[in-house]
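Undergrad: Next come the chains, spelled out residue by residue.
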Amino acid sequence: MNTLRFITAGNVDDGKSTLIGRLLYDSDSIHTDQLGVLQKQTKQEGVDFDLSLITDGLRAEREQGITIDVAYKYFSTKKRKFIIADAPGHEQYTRNMITGASNSDLIVILVDARKGITEQTKRHASIGSLMGIKKAIIAVNKIDLLNYSETIFNQIKADFEAIKSELNYNEISYIPVSALVGDNIVTSSENTPWYQGKALLETLEDIVIETTLNLESRFQVQWVIRPKDEVNHDYRGYAGLVLSGSYKVGDEITILPARMTTKIVKIENNLNATDVAKAGDNVVLHFENNIDISRGDTIVLSNQLPTESNQISTWISWLDNAQLQLGKTYLLQHRFKNVRVKIQSINQKWNINEWQFTATEEIKLNDIAQITLKTNQPLFFDAFDKNAKSGNAILIDETTFNTVGALMFLEN
Amino acid sequence: MTITDHYLEQLENEAIYILRETAAQFEKPALLFSGGKDSIVLVHLALKAFRPGKFPFPLVHIDTGHNFPEAIDFRDYLANKIGEKLIVASVEDSIKKYNLKETTGRFPSRNALQTYALLDVIEENEFDACIGGARRDEEKARAKERIFSVRDDFGQWDPKLQRPELWDILNGKVQKGHNVRVFPISNWTELDVWNYIKKYNVELPSLYFAHFRECIVHQDKLVATSKFIQPLENDVVVTEKVRYRTVGDMTCTAAVSSEASTIQDIIDDIIQTRVSERGQTRLDDQLSEAAMEDRKKQGYF
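Respectively, the protein sequence lines represent chains G and B.
End of the first sequence = 412 in full-length UniProt numbering, gap-free, step of one.
End of the second sequence = 301 in full-length UniProt numbering, gap-free, step of one.
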């Protein structure tokens, strides 16, 4: 994995925008004309030179001094290419953080050294964990304002260690930083001789992200290639992304929902024949028998069948202004497969600030809950915990077609 | 495999995935082809996504009438070589049809007028998705753009009402009359595009490589003389070795001084430059701080 996608969580007061600005600026990723624009704005608005303005994109945002949406920023070093999802951290923007986190392998949680672990820190850590992120960096920012105090850093670390058992991270790094002055961002700071770990950028460069290669093999048909011209009259290829595991020529596979079995006779990657297709590859599969296969069909190794059900318990993060309606029909998009669903029951709501489940009748914007839904035809899937790539889906409103919910399937 | 190869492969996989998703989810998609490097890379990616089948969409070019002849020649050459359908929508025609007023000034841009031809060609052909080569690193407003960006009947973009895009699941469902702009190379940077062009030896119009050209020096930028741009009495006119870093209209795209004659030379140039692509070469993005944001809201890419 030489591209690392990460999300930064924290609000403006924690210095999140400054931190991103600092990473981009110190890694020479800011073009001078953009810097010119930055200074012009800063001058216009009568404030000091401000790194945080690098990430505030739209005029609408600048006027209101807020970040209204997820913005993606890019930088690279000799070791890695980075994509930052910059999502605002206020409570009302849980939705944006969910979106940013869904496309991230790592979360950088900013903690203001003066405030320590707050309710908001816990909220951000929970969302990252819920969305399946396994790597977290706790960046203890503004340590310069506390005379680079080791005691305070250690206290914050201990406070987070005390709550980590509630979360699903498998690797957590703690780094004392000052985004404003640049301590431990790109290079280790002389101001924190007591800190032996790596600077933030080095940590981001070196961290190893697990792939889905060792999970059971999952493939969904995205697009059927059938040219039907003279030269390729018999060509019938099934294009799609290998979500997890791998497939090789000769493998016995089962096609779902038809439950037909056949063998892989050819695999093409970028128009070249290959013997193996691995997680992350976009490939075209060819099968021994002429079976009627359509977009959305699931192809698995015959000895690795997924869960099949038309009644599914799932996490839901609600993203729409209109609240969820029990009994209403929605569309569920399980990557390339669309089915109609009804919400059968709202089981419990996750009160993210208190870290408690409560009973509830309604689900509103920014709510996170567990529900049970019924589909009009069976789905073939895995629990999100086991295989995030085949355990996720979105919920779509049938009339507005808006994406109203993010689904993470539970063990069924 | 080098690090560059590895992440180019990831970017390529993502783009092919998005192209196939567009083909599968929409009735009548189109690929907007400008003749510039980004849309040429899109065509290259589409070949990988759909061959040996035909493209499930035509190429559509919005011809402003101010295009570089080299770009037009290349467009026709490429469409012919790959044997795919090309539709040309003319901004000249929409200027006549709607009696539009041309932008005035020294370097008039038809950028804003393009939107008319674009929306017309979408309506005439009932396109429900238009694939474009915009990248998030190009410009601040584009950094906030979705992969599937929903536009209303007027082609308008509302940055506050964008759909959330979860994981790599793309929701292409839209209400009648609405359509979607699709950006498969959203996550590519300028350098990624050039590294990709080098890796696969993708053919480009000659404009991208250093050549001698007569230019007017305007506010430190080099604007080529042409039938649209004639030197005035006090202009400083030079003939220099230049190349184009972006290919837009002849009237509003500046050339850069360069000796770069190979793709590797261009990559070396880009690594060293401290000025952004649009900042160095586009006269129209500098009119106001939020120029792109405003144009996008009105239906532009």
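Please keep in mind that the hints were generated in silico from the structure rather than gathered at the bench.
A portion of the hints provided could be inaccurate.
Said to hold, decoys possible - Within a straight-line C-alpha distance of at most 20 Å, the following computed SDA-like cross-link-like pairs (lysine to any residue) qualify:
id, chain 1, residue 1, chain 2, residue 2
1, G, 228, G, 287
2, B, 199, G, 281
3, B, 54, G, 276
4, G, 228, B, 56
5, B, 48, G, 257
In this text the structure is predicted, and so the values were computed from the model without any measurement.
Undergrad: Now, for every hint given, state plainly whether the structure supports it.
TA: Status of each hint after checking the structure:
1. 228(G) / 287(G): Holds. Residue 228(G) to residue 287(G) sits at ~17 Å (cutoff 20 Å).
2. 199(B) / 281(G): Cα-Cα ~18 Å, so holds.
3. 54(B) / 276(G): Not OK: residue 54(B) and residue 276(G) at ~26 Å, beyond 20 Å, violated.
4. 228(G) / 56(B): holds (14 Å)
5. 48(B) / 257(G): Not satisfied, since the Cα-Cα distance of roughly 28 Å exceeds 20 Å.
Going through the hint list in order, the structure does not satisfy hints 3, 5.
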